[in-house]
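With chain Y's structure known, arrange chain L on it following the hints.
There are 2 protein chains.
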Amino acid sequence: MSGWGMPRPVFIVSDHTGLTAENIARALLTHFPGQPLRYLRRPFTSDAQAAQAVVSEVEALAASGERPLIFTTTTQPDVLEALQTAPAQVFDLLTENLRLLEGEFAEPPQLGAGGHHDMQDSEAYLSRMEALDFALATDDGIGDKQYGLSDVILVGVSRAGKTPTSLFLALQHGIRASNYPLAEDDFEREGLPAPLEQYRSKLFGLTIDPRRLHAIRTQRKPGSKYASIEQCEYEVRRASALFARLGLPVKDTTSASVEEIAAGVLALLRQSGRLEG
Amino acid sequence: MSGWGMPRPVFIVSDHTGLTAENIARALLTHFPGQPLRYLRRPFTSDAQAAQAVVSEVEALAASGERPLIFTTTTQPDVLEALQTAPAQVFDLLTENLRLLEGEFAEPPQLGAGGHHDMQDSEAYLSRMEALDFALATDDGIGDKQYGLSDVILVGVSRAGKTPTSLFLALQHGIRASNYPLAEDDFEREGLPAPLEQYRSKLFGLTIDPRRLHAIRTQRKPGSKYASIEQCEYEVRRASALFARLGLPVKDTTSASVEEIAAGVLALLRQSGRLEG
Chain Y
1 MSGWGMPRPV FIVSDHTGLT AENIARALLT HFPGQPLRYL RRPFTSDAQA AQAVVSEVEA
61 LAASGERPLI FTTTTQPDVL EALQTAPAQV FDLLTENLRL LEGEFAEPPQ LGAGGHHDMQ
121 DSEAYLSRME ALDFALATDD GIGDKQYGLS DVILVGVSRA GKTPTSLFLA LQHGIRASNY
181 PLAEDDFERE GLPAPLEQYR SKLFGLTIDP RRLHAIRTQR KPGSKYASIE QCEYEVRRAS
241 ALFARLGLPV KDTTSASVEE IAAGVLALLR QSGRLEG
Chain L
1 MSGWGMPRPV FIVSDHTGLT AENIARALLT HFPGQPLRYL RRPFTSDAQA AQAVVSEVEA
61 LAASGERPLI FTTTTQPDVL EALQTAPAQV FDLLTENLRL LEGEFAEPPQ LGAGGHHDMQ
121 DSEAYLSRME ALDFALATDD GIGDKQYGLS DVILVGVSRA GKTPTSLFLA LQHGIRASNY
181 PLAEDDFERE GLPAPLEQYR SKLFGLTIDP RRLHAIRTQR KPGSKYASIE QCEYEVRRAS
241 ALFARLGLPV KDTTSASVEE IAAGVLALLR QSGRLEG
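Chain order of the listed sequences is Y and L. For the first sequence, position 75 (counting from the first letter as 1) is numbered 75 according to my numbering, and the numbering increases by one without interruption. For the second sequence, position 210 (counting from the first letter as 1) is numbered 210 according to my numbering, and the numbering increases by one without interruption.
Each hint should be verified, as a subset may be incorrect.
Repeated chains share a single entry, so a pair holds when one copy, or any two copies, can fit it.
Stated by the list, open to error - Below, in silico cross-link-like pairs of lysine to aspartate or glutamate (EDC-like), each with a Cα-Cα straight-line distance of 20 Å or less:
1) Lys145 with Asp133
2) Lys221 with Asp133
3) Lys221 with Asp252
Everything labelled a hint here was simulated from the structure, so no lab data went into it.
The following block holds chain Y by itself, in its conformation from the complex:
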């Protein structure tokens, strides 16, 4: 039983990239926070031979006393059948739900590799890549003229989270997000920064705890005025006042991930009818 105490092996087996399988596995395993785990990813396991290679790995680990887990999103009968012979608990993540859907739709699922292809819906894929080009071109206010083409304009002080959020919105959701970095000039004005005036309905404010901002900026430019706690407090206070005056929707990014900030932006776009669903 040499395996006791070792992080338990978690195999992620997919006939494609394995991103979905790993997401589900992590969503499940996060509910057992005390368990030490190690992930072993086996993407593109798309035939019985590849599955058998995984089974052999699992057997070797089991023989040395480890207790592997297998999570798979494959829908190929021969791959599933092979995996079921491994000395491990197999989490077949799709099959049971496919059976339920077969009943709902009164038609059999189309099984086999390649069914879930990221580029299958290639119009959606192209719009993601276009949105990414867009976000890169307009990053940090260098593309004022493109505000008119934006789905959303993220407004906030430097390093409040605008760039990661806009890239994430583009890559994951095909949303065209621009940034407007608030700076000294903007705080001396009462109303909106001039380039934003006609796009008020697209604005989304990002705020952040000044101490967190201070830490982030210090990593970038240690000892600078830009990174000082006084400057950070001043900028965040003025930005918050501006957001309040304009009645902008605001998200605090201090302890939010890009996924969470993006979810807030998407919810806003949906509420205002600019995005379906």
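Showing chain L alone in chain Y's frame:
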């Protein structure tokens, strides 16, 4: 039965962002390609009251003859219980597998909202944000000195897919990816471009069908020499020859998504032992 013929409503209900729930739903529904669907996302449904609001929506749609589906990753008993009262097939995506895991680990899962928090593992999150800064700083070869700090260096002609791939690797996987854009000078040399010489083991080549490259570049600079089919054919041919001469791992991006290209890079990093799992 006014609902017949309408795209069928697919509710995505999560106590968090809903990304995992939507990924699973899409992985399942892609096996029924002929079914018209519309997605209705209800993230942050984290208590019985919020769940009841979703149930009311479902009831209204069902009353007008539609047949909604509900996909949920919630693990909160009160939310699940409420959803089960809706006139819709509910796909409870985690519960059954949590029960299996409870048996495997011989301990009960920690249920409730916030269990699956993107920033819970904040070291991993910070490394993703750092990798993103890194990718942005080194995009398109402007950061030669940072090649030493890179996990991988993507090499290819302009618009072969380097930038989206490096951003995706950073945002999703915390991988530090740099780019090296191959240009005229590089093709006149026999060996590696000078800045890359000492980092050969980190190189990953991206190639693309010249006609596809021509189409992409034409969108960007119509009628230019840069976009001409002759120039595209020349560059791709010379790049491929260079990759072959150096024995680099190469991925054809012509009909691959960033997810797929990234999976190829990750597989390489794992094979060479530079990345666990």
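Comparing the hints with the structure gives:
{"no.": "1", "hint": "Lys145 with Asp133", "in the structure": "within (15 Å within a copy, 25 Å between copies)"}
{"no.": "2", "hint": "Lys221 with Asp133", "in the structure": "between (28 Å within a copy, 14 Å between copies)"}
{"no.": "3", "hint": "Lys221 with Asp252", "in the structure": "neither (23 Å within a copy, 40 Å between copies)"}
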